[in-house]
Amino acid sequence: MSNRDLFHFAVKRALQKQGWSITDDPLILEIEEILVKIDLAAERLIGAERDGEKIAVEIKSFAGDSAISEFHTALGQCLDYQIMLEENESDRILYLAVPADTYQTFFQTRFAQIVLERYPLNLLIYEPVLEEILEWRN
Numbered sequence: 001m002s003n004r005d006l007f008h009f010a011v012k013r014a015l016q017k018q019g020w021s022i023t024d025d026p027l028i029l030e031i032e033e034i035l036v037k038i039d040l041a042a043e044r045l046i047g048a049e050r051d052g053e054k055i056a057v058e059i060k061s062f063a064g065d066s067a068i069s070e071f072h073t074a075l076g077q078c079l080d081y082q083i084m085l086e087e088n089e090s091d092r093i094l095y096l097a098v099p100a101d102t103y104q105t106f107f108q109t110r111f112a113q114i115v116l117e118r119y120p121l122n123l124l125i126y127e128p129v130l131e132e133i134l135e136w137r138n
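Under our numbering, the letters of the sequence shown match residues 1 to 138, in that order.
Be aware that a few hints might be false.
Claimed, not checked - 30 Å max Cα-Cα, derived BS3-like pairs, lysine-lysine: (1) Lys17 <-> Lys54; (2) Lys54 <-> Lys37; (3) Lys17 <-> Lys37.
Since the hints were derived computationally from the structure, they do not count as laboratory data.
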């Protein structure tokens, strides 16, 4: 099993608190010999007459020494995962889970804003101690 992110279980519980059912932990996708593991997959029924929502969530703690290095890794993973999802589960929407403090600091820098304009990512902003999702950004 691959290493889980520091806040893996906090995000998982936060999703469950919002009514998401965790379907895969991790979600494993493959194209030929290339295999990836996205941290979580979840589903939520919207209502009896509408299709259910399906998401995949890549969780990052940004707890290391270099936010730029972790951002670079997360962006690369998300670009790869988006391709895998398009090929395997095109009805699933990918989110990058980011702690609130990192979102309020590093993700507000001019550099991060330029990157997100060029490579749009869906963000799930979470509070790890309270195990809550504060915001969904598409």
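Cross-check of the supplied hints:
no. : hint            : result
1   : Lys17 <-> Lys54 : 16 Å, holds
2   : Lys54 <-> Lys37 : 16 Å, holds
3   : Lys17 <-> Lys37 : 23 Å, holds
The earlier numbered hints are all upheld by this structure, with none contradicted.
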